Amino acid sequence: MKWLLTLSAALAVIAAPSAAHADGEYIRITPSTIQAGFQIEIEAFCGDNVNPATVKSEAFGVVTITPQQDPRSGKFVHRGTATIPQDKHARAYPVTMTCPSNQSATTTLHVVNFNVPSRGPRTGGGALASDNGGHSGLIVAGAGSLAAGAFLLVLARRRRQA
Amino acid sequence: MKLLSGALVLIGLFLASIGFGQATGLHFGDLFVSRAKPPPGEFPVLDPSPPKRIRIPAIGVDAPVHGVGTEPDGTIATPSLKLENEAGWYKDGPSPGQYGPAIVVGHVDTRDRPAVFHRVRELKPGERVEIVRRDRTIAVFEVNTVEQYSKASLPVAKVYQDYSRPSLRLITCGGSWVGGDDGYADNVIAFASLVDTYKT
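Each protein sequence line maps, in turn, to chains A and B.
So the first sequence is numbered by our numbering: it starts at 1 and just counts up by one.
So the second sequence is numbered by our numbering: it starts at 163 and just counts up by one.
It is worth saying that the hints were derived from the structure and are not from the lab.
Watch out, some of these pointers could steer you wrong.
For the chain B half of the interface with chain A, some residues (derived, Cβ under 8 Å), not all of them [claimed, not checked]:
| # | residue |
| --- | --- |
| 1 | I173 |
| 2 | Y261 |
| 3 | R273 |
| 4 | W339 |
| 5 | N349 |
Small disclaimer: the values here were computed from a predicted structure and weren't measured.
Every residue gets a Cβ at the ideal spot worked out from N, C-alpha and C, and that includes glycine.
I would like the entire structure built from these sequences, with the hints used as guidance.
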């Protein structure tokens, strides 16, 4: 009995650390930076496990993601979405994904939270604004020349008729 | 007499259309050329780090960048009008290289001279903008398009809320001078996408 316990303990010690990432577990959040109030996409891999995985973060709570078979590779990839509440403070939040096999992977989600009005920033002092005067000067000069030309044309025709 | 009047009419048309083109920023050639370039498919993504410097070789910009917040009315603050060669990064938004729009504002002019972003409206799709970050990474952006909007109503979703990839918004002033709170009537905005990064 005792040797069995020792054996299983030894096996556990050997198995546990190597199993943690043995199957290439990962979690990816797109986009990894997001405005509060918006939605993110979660993609995770649990070593072809077909049971749902859970994703936890202070940024959005707990989300269950379900595996879908990738048509090309035939592998099962977990996918899901989460929405960050509008009142979430801006900072970096750790995100932890736990596979059905209890192996896990982590990543970071950066939340930004700003609300700017549609009115644009004031980015000018006006030094170049006088250029507009120069342009309208050209327009006025052009229009004047046009009018003078037309007037002379009319005058010339009248003289010919007279 | 007839020759003179004909010449005057021609000169008049010529001058008036040059003036009109300069005043409105419309150019005949632009009517036949697409003013936008779609962002490339693959892109890098960086961790947060504030910008320190902006370089745009195509229009001769090489300027320090400091963080800016908002004005009391909620609009994005701008550098002091005395700092003509300095740009402001909106520090509540993403930093250049993170997913989302990093917003960098710069004056088109001060009260008496052109300022850091006075040639932003001349940027062409495909031209490069480099941002040097505090972590010494350099984020390289490619201009997609340059747009002009009335300052009273920017398209908020397009300018501030596009998280499809790491991008940059260079914002300055343009259009006619109306004075008052607004100064210039419009904002000129260059939209750019992250295409490359390297370390110094």
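Tested hints:
no.: 1; hint: I173; verdict: holds (5 Å)
no.: 2; hint: Y261; verdict: holds (3 Å)
no.: 3; hint: R273; verdict: holds (4 Å)
no.: 4; hint: W339; verdict: holds (3 Å)
no.: 5; hint: N349; verdict: holds (4 Å)
When the structure is compared with the earlier hints, no violation turns up for any of them.
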